Amino acid sequence: MKAKHQRLILIIAALIAIIGAGLIAAWTLRNQANYFYLPEQMAATPPAVGQAVRLGGMVQPGSLATEADGVTVNFMVTGNTEDAIPVRYSGILPDLFVEGSGVVAEGSLGANGVFMATNLLAKHDENYVPKELEGMGTAQAAKMAADTTVGLTQ
Amino acid sequence: MIAEIGLAALWLAAALAVLQMVSGALALRSAEGEANPLAIYARPAAVMQALLAGLAFAMLVWAFAVTDLSIKLVAANSHSMKPMIYKLTGTWGNHEGSMLLWVGVLALSGGLLALFERRLPERTMGATLAVQGFVALGFYAFLLLSSNPFERLPVPAIEGSGLNPLLQDIGLAFHPPTLYAGYVGLSVAFSLAMGALLTREVNPTFARVMRPWVLGAWVLLTFGITAGSYWAYYELGWGGWWFWDPVENASLMPWLAATALLHSVAVLAARDALRTWTIMLGVLAFSMSMLGTFLVRSGVLTSVHAFAVDPERGAFILVLLGLYIGGAFTIFALRAGAVAEGKRFSFSSREGALVFNNVMLSAILAIVLLGTLYPLLTEAFDVRVSVGPPYFNPASAMFAIPMFLVMAVGPLLRWKEDSPRRIRFEVLLLAAILIGVIGLVSFFGQFALLPLLGLGLAAALGVAAFLPLRGRKLTRVPVATWGMVLAHFGIAVSLFGMASEGAFTQERLAAVAPGGSDQVGDYTFTLQSVNPVAGPNWTAIEARIAVSRDGGTQVILTPQARNFWSPAQSTSESALLTRWDGQLYAVIGNQAADGRWQIRMWWKPFVTFIWYGGLLIALGGVLSIIGRVRVDMKRRKAVSLGDERRADPEALGTAPVPAE
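Taken in sequence, the protein lines are chains A and L. Read in the working numbering, the first sequence has 73 at position 73, and its numbers run on one by one without any break. Read in the working numbering, the second sequence has 80 at position 80, and its numbers run on one by one without any break.
Derived from the structure by calculation, the hints contain no laboratory data. Note that the coordinates shown come from a computational prediction; the quantities given were computed from them, not determined experimentally. Do not take every clue at face value.
If the Cβ cut is set under 7 Å, some of the chain A residues that face chain L in the computed set are [said to hold, decoys possible]: (1) L8; (2) A14; (3) A17; (4) Y35; (5) F36; (6) S63; (7) A65; (8) T66; (9) A68.
Calculated pairs, SDA-like style, for lysine to any residue (alpha carbon to alpha carbon, straight line, at most 25 Å) [claimed, not checked]: (10) L:K343 with A:V98; (11) L:K72 with L:L12; (12) L:K416 with A:A17; (13) L:K416 with A:S108; (14) L:K343 with L:P411; (15) L:K343 with A:A17; (16) L:K416 with A:I11; (17) L:K72 with L:M1; (18) L:K416 with A:N80; (19) L:K473 with L:E426; (20) L:K416 with A:Q51; (21) L:K634 with L:E117; (22) L:K343 with A:Q6; (23) L:K343 with A:I12; (24) L:K343 with A:I11; (25) L:K416 with A:T78.
Note that the Cβ used here is the ideal one computed from N, Cα and C, for glycine as well.
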């Protein structure tokens, strides 16, 4: 090529690539960002079936049941209202996961209305409070934040 | 006394940073050749500052070693019963200590630069040291004003409150220091870039000075990221090796920028092209280090790395970040036009391929940056999101795949101008390997697109890495070229590990009664017993699992679920069985009501290649440094020999020339 304005062409090519990356990022983020739901929000406006979201709330006392295979658990997650979302999870439970404690479940809503969790984020240390439960304003949220959870990743 | 010596050393170092800044700035202002009386202090100030910052850090290590509980930091993060090695590594397992390490490495690299670098013009060197002093000053202020590591308690604590058990691991001994040294090594590249920009000395000599620093920082970052990834893999017990955690991204972003910078510096050194682009990447790479420090140290993230949740500190680092990055980009915008355009080149040349990959690396950097900051941005609007692999994997692969393709053929092209027809045999060979491997693998099973592409690319890249050696006499290939070959081969090895882990991992989650057996991959595992065990500062339940491959010899794995008592916290200690072709990964969970234990097992074929590849890449960088330094030493020796010969007759007749 005629190398008259090579620097200019390089800058334009780089800009196009970076802006392209930005647009791709924006588009993918809209589709793939993992939104956080409280149980009442999930009951009112459920996310699309199969969309990866997170559900945060309290494990309803008396709802925790282990299936016969010994590794699948079912429980209900409640928030500030009466709404409760059934959750199903196969895997090793976080150490301090008990009824009445807070939990953040990663996964997606199944067609049958059960939230299929792929990961449960649990309390490791009283110093780590999940961002999602900060500043929710109610006494219950404060209690929830106090004995809830966070994993190592957000 | 320990704390007071450390604090005094820190204040003195800060004062020297001011001297270094002023003296360097005066050197910049004085005309070339004219010696400013104050300009001579920049180098000694930098060296002395390195000694003082080193002393301050040594004092803190000492305080941790003897568990001096009258120091607030020690009381809050250590415990007299902790094993000695974790007492020492605990020095940087907290906010203040890790910032002191950061500053210490910064001062050390500034000192080394001042002590050994003699090739640059004095004005450029003065400007460089001034910038380095300015950066250091900001962080001294941060340490002294808002995160004093030597703060005393009014009443000494009776016992320390311990260290986060996840950090009580040998990984902590290596991971933060190497990463920090890498982050901070980029500060020298940044200072050099600013110095060259301010004095308009952007030329191959400057690139040769900058290259070992960039290479060194890059090697350390590579090593730190590799170590961090392996640590997360075995310590978290989740079986994953990369989580796209914001903190992991914070270390990946400077690495991406440094990778681009290191290739662009090579072009500048060899061909005198890409002048402004190199400066820009120098600024960008250090900006990413600063951003990483901000993300990790400001408490905007909740993670195991976020020790400090103090808004004042976050604001402080944010101001520093704005000051340095904003200032650097302003100077860049004002001065970039004044840098003369470098040598031109055709698109189908080695420079062309390097530019393409530089742009691809920058695009990946943009993808990672946006994905990392997006949750922070939306939180400002009270929308809570998290961004994970479903975003990062496809979005970054979109740019990584073209990059890998160009990387395979780029080193085969000639500088300046080349015809693609010349290398058509190599291109066809690599294309055949790529398509052949993808075809072969998809013939045997259904796999996701990305791992499949990864396997094909890994095979093609593995062969491509050695093609530059074709037709050359191996004993005469320069060491730096071997470095490139090794690093590129390391990328292929690592990619193979990632793709293989993604495509072929087998997982088994089961509740097993003691004496019961189950199967994962080719392995049969039997839970022999579950027993309580105790360590120096924890108790645990430990499973004894006998595993055998295809009925072969039994090996015992002992995964644990540990409970630490100071601070009270539990962790899962995975057990690994490493074979040449993969790893068996075992985790023990809770006990079900009927007495069975939850066992989670993974068979991960070739997963270790991810980290072997990382080590090869780092080793390639080391070879490259050795090669460059050796060439440089030879050149220096030749120059000094020549000078001596010329000096002999001069010394007889003329007055001595002032030094420098």
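25 Å limit on alpha-carbon distance, applied to hinted pair K473 of chain L and E426 of chain L: 19 Å, holds
25 Å Cα cutoff - pair K343 of chain L, Q6 of chain A: 10 Å, holds
Restraint status (C-alpha distance of K343 of chain L to I12 of chain A at most 25 Å): 18 Å, holds
Supplied contact hint for S63 of chain A, tested at 7 Å Cβ to chain L: 15 Å, violated
Hinted pair K343 of chain L and A17 of chain A, Cα distance within 25 Å: 23 Å, holds
Pair hint K416 of chain L and Q51 of chain A, alpha-carbon separation not exceeding 25 Å: 50 Å, violated
Holds or violated: K343 of chain L to P411 of chain L, with C-alpha atoms at most 25 Å apart: 19 Å, holds
Holds or violated: K416 of chain L to T78 of chain A, with C-alpha atoms at most 25 Å apart: Answer violated: K416 of chain L to T78 of chain A is near 66 Å, above 25 Å.
Supplied contact hint for A17 of chain A, tested at 7 Å Cβ to chain L: With Cβ-Cβ at 5 Å, under 7 Å, it holds.
Interface hint outcome for A65 of chain A [beta carbon to chain L under 7 Å]: A65 of chain A check fails; min Cβ-Cβ to chain L is 10 Å, beyond 7 Å.
Pair hint K634 of chain L and E117 of chain L, alpha-carbon separation not exceeding 25 Å: Answer holds: K634 of chain L to E117 of chain L is near 16 Å, not above 25 Å.
Hint status (Cβ of F36 of chain A to nearest Cβ of chain L, threshold 7 Å): 4 Å, holds
Hints 1, 6, 7, 9, 10, 13, 18, 20 and 25 from the earlier list are contradicted by this structure; the remaining hints agree with it.
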